[in-house]
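First to last, the sequence lines map onto chains A and B. So that you can map any letter, position 395 of the first sequence is 395 in the working numbering, and since no number is skipped, the others follow by simple counting. To get the working numbering, take the position in the second sequence, counting from 1, and add 1000.
Just so you know, the hints here were simulated from the structure itself, not pulled from any lab data. All residues carry an ideal CB built from backbone N, CA and C; glycine is no exception. Warning: the hint list may mix true and false statements.
[As the list claims (entries may be wrong)] Covered, in the sense of this in silico footprint (three residues per stretch, anywhere, with C-beta under 8 Å from a C-beta of chain B), are these stretches of chain A:
#1 8-16
#2 291-302
[As the list claims (entries may be wrong)] Here are the simulated DSBU-like cross-link-like pairs (lysine-lysine), alpha carbons at most 30 Å apart as the crow flies:
#3 LYS1049(B) with LYS317(A)
#4 LYS331(A) with LYS25(A)
#5 LYS331(A) with LYS1303(B)
#6 LYS429(A) with LYS317(A)
#7 LYS1223(B) with LYS331(A)
#8 LYS331(A) with LYS1049(B)
#9 LYS331(A) with LYS1263(B)
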Amino acid sequence: MPGDSRTFDYAPAPESSDIVTVAPKNGLFISGQFVEPKSGRSFVTLNPATEEPLAEVAEAGEGDVDFAVQAARAAFEGVWGRMKGRERAKYLYRIARIIQERSREFAVLESLDNGKPIRESRDVDVPLAAAHFFYHAGWADKLGYAGLGPSPRPLGVAGQVIPWNFPLLMAAWKLAPALAAGNCCVLKPAETTPLTALLLAEVCQQAELPPGVVNVVTGAGATGAALVTHPGVDKVAFTGSTEVGKQIRIALAGTGRHLTLELGGKAANIVFDDAPIDQTVEGIVNGIFFNQGQVCCAGSRLLVQESVTELVVERLKRRLGTLQLGDPLDKNTDIGAINSSVQLEKITELSHSGEDEGAERWSPPCDLPEHGYWFPPTIFTGVSQSHRIAREEIFGPVLSVLTFRTPAEAVAKANNTPYGLSAGVWTEKGSRILWMAGRMGAGVVWANTFNRFDPASPFGGYKESGFGREGGRHGLEAYLRA
Amino acid sequence: MLPGAVTAQVNGEIAATDTALRQLLHGLPGVDQVGTEARAASLATRSIKKDSKLWALDTAIRMIDLTTLEGADTPGKVQAMCAKAVRPDPTDSGVPSVAAVCVYPDLVGVARGSLDGSGVAVASVATAFPSGRASMKVKLADVREAIEGGADEVDMVIDRGAFLSGRYGQVFDEIRQVREACGRAHLKVILETGELVTLDNVARASWLAMTGGADFVKTSTGKVTPASTPAAALVMLASVRDFAEASGRQVGVKVAGGIRTAKDAIRYLVLVKETAGPEWLTPSLFRIGASSLLNDLLMQRSKQLTGAYAGPDYFTID
Chain A
1 MPGDSRTFDY APAPESSDIV TVAPKNGLFI SGQFVEPKSG RSFVTLNPAT EEPLAEVAEA
61 GEGDVDFAVQ AARAAFEGVW GRMKGRERAK YLYRIARIIQ ERSREFAVLE SLDNGKPIRE
121 SRDVDVPLAA AHFFYHAGWA DKLGYAGLGP SPRPLGVAGQ VIPWNFPLLM AAWKLAPALA
181 AGNCCVLKPA ETTPLTALLL AEVCQQAELP PGVVNVVTGA GATGAALVTH PGVDKVAFTG
241 STEVGKQIRI ALAGTGRHLT LELGGKAANI VFDDAPIDQT VEGIVNGIFF NQGQVCCAGS
301 RLLVQESVTE LVVERLKRRL GTLQLGDPLD KNTDIGAINS SVQLEKITEL SHSGEDEGAE
361 RWSPPCDLPE HGYWFPPTIF TGVSQSHRIA REEIFGPVLS VLTFRTPAEA VAKANNTPYG
421 LSAGVWTEKG SRILWMAGRM GAGVVWANTF NRFDPASPFG GYKESGFGRE GGRHGLEAYL
481 RA
Chain B
1001 MLPGAVTAQV NGEIAATDTA LRQLLHGLPG VDQVGTEARA ASLATRSIKK DSKLWALDTA
1061 IRMIDLTTLE GADTPGKVQA MCAKAVRPDP TDSGVPSVAA VCVYPDLVGV ARGSLDGSGV
1121 AVASVATAFP SGRASMKVKL ADVREAIEGG ADEVDMVIDR GAFLSGRYGQ VFDEIRQVRE
1181 ACGRAHLKVI LETGELVTLD NVARASWLAM TGGADFVKTS TGKVTPASTP AAALVMLASV
1241 RDFAEASGRQ VGVKVAGGIR TAKDAIRYLV LVKETAGPEW LTPSLFRIGA SSLLNDLLMQ
1301 RSKQLTGAYA GPDYFTID
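Turn these sequences into a full structure, and let the hints steer you where they fit.
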């Protein structure tokens, strides 16, 4: 009680889940309507923080996917493909504003379905999703100025498959540029996180978007495969694992269909001895523990200059001690739940391999809830380039700490990976930032920050992290014929 | 990590020359402004409810240096404020007293007379507050007047002009001399972060004050805009934490200026907890210089206990 107690534990401050109604049964969104699947099949999506079922969701079969692609084709040829850019812009602005108006609903639903802390869905996912629609709405009537010729044309029907780590945000990244450019879309959200994409479909209805311009087909891998290999699709955009990306590329080879892939990563976050230490520690935490590390551009390899390794690790450990793990709907939660049991197993397995290979494992003392999928924030020190945890994407709250002696060695180690999505550089020396950035084999290089996104800034990778860019002028290129 | 030089400095082994101090202060890790502000903003979203809120409100009251620093101050005004400081809410004896009252040196005697035996300390600003633009002789006379009047705590200002022109030795020297003149009184060193402008400067000035013997580092006089900002407070809290690690001595932090609502105060407590650590959550290591804040804390406290807000007339103005 008040008085001389020296503790200041934050009492639970949960966001109420009453703000959003989750329909017990959800259909597919095709041609502007929610419809029963022809396949007759459905699956259940869980709340990963409790393992309780949230809703039953339709599973689209090949027939359903075909129906959706046809609806998109009809909308493209009938309305959207010939509509003036300034008219398309109005719809995009409208969608953006409705996302803002219903932001609490989106945030709560995202946290329920994905397990991410409400602080992140509220402050990052939802505002950024709206920002992407606003940004691309601005482009819709200015495509002739995107550097792709005087009157670039849309490609047609886009088949878009998105992952479970940022369900709404990835949907926005895919839909907004495609729609701005005049394409129609069939979107397949991940099977563990379909709910915000369905809410976004409802927003499209509310915005009176012409039927068929956006279609949402829910399902797992088979649904995705049916979509990306459908001959009626002109353009495939995929965000997900490198393994699946490779299969898609093989399947599309020689078909003449357009493809962009945004795949895995194993980003190096490079800390020099003159880095602003406290903000660097924040950046490291944000780089690897944001969204429980389930981020393709996560700074999962920490490369620290040897002279400050001890200091950085010590400060990092102290900072990890203040992270609050628990109920994703609690506004004070920093670390939420892992999205699925499959993912949790993968993280657990790779962490064991780290120990087996001789790296030293550390986690702050923290109680994991009894139910749900949880993994404590974890640091491995004494990691070397040849360890699996330094090479494979863990996609979880696990940081591998490596060291370097000179800037050249940092570059060599950072680039010594099949991936090339993102990198971070921490130093007070501006010239070194530029020197490093020019040598990083990564699509995004952050300087003295990490995991910062903006719709105007193109995002995408090199090598096994994929190709094509999302966001900015460059992102439009993926949806336009010059 | 903090250089061995720091510990040496703390123990007074190195001559306080501009060069030596420059080496120390400019050898501190840099502070990134964007990152610091982002961190402060993210801590401001912590949601403090129920028991933790009640605890925070009471703790904030106990941390207040109830302040009046106006040209129009009179013995009557100071006496009234002292009564409020001892018993902030006449209708509820459960409300703790504030930590101290803070006045100009000439009114220290009045405050002393009103507060004896109450447990509330008397703090006085000194050294040509708020600008610090006076000769050392005048500054020391100012301090002595406060001490002779019975001040338990002295809030001095540093010479920002000297600091900004790199005359660290002079600033250090002044702090040392004031420290001596204070005798057993606690010394709070006001950095005036609004005039130092960069966060690197805030960190350097904090270290300079701490090595000079400050018991507290304080953000601002309240006479300059911006006064206390969350980012500056965060840098100071990190500095006292690092200094304690290097030297073993815990220095307190006082934020002052523009903190008017319970919400702001609680946000500062969150900064304290998550930056310096929970052991700083005590009036002996964290203070809030304020005047109108107290009534908002009282109002929120009664709301928390009764579930309803009382109007402003149910709380005394001083």
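Each hint tested on the structure:
1. 8-16: holds (count 6)
2. 291-302: Violated, because only 0 residues of the segment 291-302 of chain A bring their Cβ atoms closer than 8 Å to Cβ atoms of chain B.
3. LYS1049(B) with LYS317(A): holds (28 Å)
4. LYS331(A) with LYS25(A): The hint holds at about 29 Å.
5. LYS331(A) with LYS1303(B): holds (22 Å)
6. LYS429(A) with LYS317(A): Distance of about 26 Å is within 30 Å: holds.
7. LYS1223(B) with LYS331(A): It is violated: about 36 Å lies between the C-alpha atoms, which goes past 30 Å.
8. LYS331(A) with LYS1049(B): Cα-Cα ~11 Å, so holds.
9. LYS331(A) with LYS1263(B): Between LYS331(A) and LYS1263(B) the Cα gap is close to 16 Å, so the pair holds against 30 Å.
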